[in-house]
Amino acid sequence: ISTYDVWWHLAYGKLIFETAEIPRHDVFSFTAAGAGRTDHEWGFQVLVYGLHLLGGSAALIVAKALWLAFIALLVHRFATREAGLSPAAAALALVPFALAGHGRYVLRPEILSLGFAVILATALFRRRASPATVRDLWWIPGLFAVWANVHGGLIVGVVILALVLAGRTIELAWGRW
Numbered sequence: 001i002s003t004y005d006v007w008w009h010l011a012y013g014k015l016i017f018e019t020a021e022i023p024r025h026d027v028f029s030f031t032a033a034g035a036g037r038t039d040h041e042w043g044f045q046v047l048v049y050g051l052h053l054l055g056g057s058a059a060l061i062v063a064k065a066l067w068l069a070f071i072a073l074l075v076h077r078f079a080t081r082e083a084g085l086s087p088a089a090a091a092l093a094l095v096p097f098a099l100a101g102h103g104r105y106v107l108r109p110e111i112l113s114l115g116f117a118v119i120l121a122t123a124l125f126r127r128r129a130s131p132a133t134v135r136d137l138w139w140i141p142g143l144f145a146v147w148a149n150v151h152g153g154l155i156v157g158v159v160i161l162a163l164v165l166a167g168r169t170i171e172l173a174w175g176r177w
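Residue numbering for the sequence shown follows my numbering, beginning at 1 and increasing consecutively.
FYI, nobody ran anything at the bench for these hints, they're computed from the structure.
As the structure is a computational prediction, the values presented were derived from the model and not from experiment.
Hints are not guaranteed to be accurate.
To be verified - Subject to a maximum C-alpha distance of 25 Å in a straight line, what follows is the list of computed SDA-like cross-link-like pairs (lysine to any residue):
#: 1; residue 1: Lys64; residue 2: Gly142
#: 2; residue 1: Lys14; residue 2: Arg24
#: 3; residue 1: Lys64; residue 2: His52
#: 4; residue 1: Lys64; residue 2: Trp7
#: 5; residue 1: Lys64; residue 2: Gly153
#: 6; residue 1: Lys14; residue 2: Ala32
#: 7; residue 1: Lys64; residue 2: Trp42
#: 8; residue 1: Lys64; residue 2: Gly101
#: 9; residue 1: Lys14; residue 2: His40
#: 10; residue 1: Lys64; residue 2: Leu53
#: 11; residue 1: Lys64; residue 2: Phe97
#: 12; residue 1: Lys64; residue 2: Arg24
#: 13; residue 1: Lys64; residue 2: Leu112
#: 14; residue 1: Lys14; residue 2: Ala33
#: 15; residue 1: Lys64; residue 2: Leu74
#: 16; residue 1: Lys14; residue 2: Thr38
#: 17; residue 1: Lys14; residue 2: Glu110
#: 18; residue 1: Lys14; residue 2: Gly152
#: 19; residue 1: Lys14; residue 2: Arg37
#: 20; residue 1: Lys64; residue 2: Asp5
#: 21; residue 1: Lys14; residue 2: Leu60
#: 22; residue 1: Lys64; residue 2: Ala32
#: 23; residue 1: Lys14; residue 2: Gly36
#: 24; residue 1: Lys14; residue 2: Gly55
#: 25; residue 1: Lys64; residue 2: Val156
#: 26; residue 1: Lys14; residue 2: Leu66
#: 27; residue 1: Lys14; residue 2: Tyr4
#: 28; residue 1: Lys14; residue 2: Ala65
#: 29; residue 1: Lys14; residue 2: Leu47
#: 30; residue 1: Lys64; residue 2: Ala148
#: 31; residue 1: Lys14; residue 2: Trp67
#: 32; residue 1: Lys64; residue 2: Ala166
Unchecked claim - Quick list of simulated restraints, FRET-style, between CB atoms:
#: 33; residue 1: Asp136; residue 2: Ala162; range: 29 to 37 Å
#: 34; residue 1: Pro96; residue 2: Glu21; range: 20 to 28 Å
#: 35; residue 1: Ala89; residue 2: Val158; range: 28 to 36 Å
#: 36; residue 1: Leu163; residue 2: Phe28; range: 34 to 42 Å
#: 37; residue 1: Trp67; residue 2: Leu163; range: 22 to 30 Å
#: 38; residue 1: Pro141; residue 2: Leu163; range: 12 to 20 Å
#: 39; residue 1: Pro141; residue 2: Phe70; range: 20 to 28 Å
Built from N, CA and C at the ideal position, the CB exists for glycine as well.
With the hints as extra help, turn the sequences into a complete structure.
Structure below.
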């Protein structure tokens with residue numbers, strides 16, 4: 001665990017868990033104690049606190065490693081199925097992904113945003129060849145509901161959806177490019 005923020009998130013997660021409410025005021029800051037505060041990462045805080053209760057710091061480290069492995073697996077799968085790369089070439093393509101984000105793969109709420117963005121983008125890209133139905137995309141509002149309560153990176157998901165909708169609109173208006 002390489003960031004001090006984890007302990008702050010754990011403290012808020014414990015507070016939320018014990019009081020069953022999301023704090024509206026800063027309770028841990030010395031300089032801003034009592035100041036109004038919107039805790040938009042409360043879902044992450046409850047998640048990491050629950051994991052910490054189950055297995056301490058080791059559980060947090062294992063959960064982070066599993067989440068990053070899941071993201072890498074999705075990207076690898078996408079590269080082999082959609083981009084047509086061989087498994088070895090797809091694995092090599094993951095090296096820049098791993099190196100570029102090395103300093104950001106810390107236990108912070110943004111790590112969930114990274115995974116949610118990959119999940120959304122790969123799922124929508126798979127649907128590009130045929131029109132998606134409500135039945136195919138029923139889970140997206142749920143993903144956004146969770147995302148909105150764990151990290152502000154939700155805006156990335158909005159941008160991904162906007163780009164997909166814009167591309168689809170262009171294709172429908174002017175034909176496939």
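The hints, checked one at a time:
| no. | hint | result |
| --- | --- | --- |
| 1 | Lys64 / Gly142 | holds, 22 Å |
| 2 | Lys14 / Arg24 | holds, 15 Å |
| 3 | Lys64 / His52 | holds, 12 Å |
| 4 | Lys64 / Trp7 | holds, 15 Å |
| 5 | Lys64 / Gly153 | holds, 18 Å |
| 6 | Lys14 / Ala32 | holds, 20 Å |
| 7 | Lys64 / Trp42 | holds, 18 Å |
| 8 | Lys64 / Gly101 | holds, 14 Å |
| 9 | Lys14 / His40 | holds, 16 Å |
| 10 | Lys64 / Leu53 | holds, 15 Å |
| 11 | Lys64 / Phe97 | holds, 16 Å |
| 12 | Lys64 / Arg24 | violated, 28 Å |
| 13 | Lys64 / Leu112 | holds, 9 Å |
| 14 | Lys14 / Ala33 | holds, 18 Å |
| 15 | Lys64 / Leu74 | holds, 15 Å |
| 16 | Lys14 / Thr38 | holds, 17 Å |
| 17 | Lys14 / Glu110 | holds, 20 Å |
| 18 | Lys14 / Gly152 | holds, 21 Å |
| 19 | Lys14 / Arg37 | holds, 17 Å |
| 20 | Lys64 / Asp5 | holds, 15 Å |
| 21 | Lys14 / Leu60 | holds, 15 Å |
| 22 | Lys64 / Ala32 | violated, 31 Å |
| 23 | Lys14 / Gly36 | holds, 19 Å |
| 24 | Lys14 / Gly55 | holds, 15 Å |
| 25 | Lys64 / Val156 | holds, 21 Å |
| 26 | Lys14 / Leu66 | holds, 23 Å |
| 27 | Lys14 / Tyr4 | holds, 16 Å |
| 28 | Lys14 / Ala65 | holds, 23 Å |
| 29 | Lys14 / Leu47 | holds, 10 Å |
| 30 | Lys64 / Ala148 | holds, 20 Å |
| 31 | Lys14 / Trp67 | holds, 22 Å |
| 32 | Lys64 / Ala166 | violated, 34 Å |
| 33 | Asp136 / Ala162: 29 to 37 Å | violated, 19 Å |
| 34 | Pro96 / Glu21: 20 to 28 Å | violated, 43 Å |
| 35 | Ala89 / Val158: 28 to 36 Å | holds, 32 Å |
| 36 | Leu163 / Phe28: 34 to 42 Å | holds, 38 Å |
| 37 | Trp67 / Leu163: 22 to 30 Å | holds, 25 Å |
| 38 | Pro141 / Leu163: 12 to 20 Å | holds, 18 Å |
| 39 | Pro141 / Phe70: 20 to 28 Å | holds, 22 Å |
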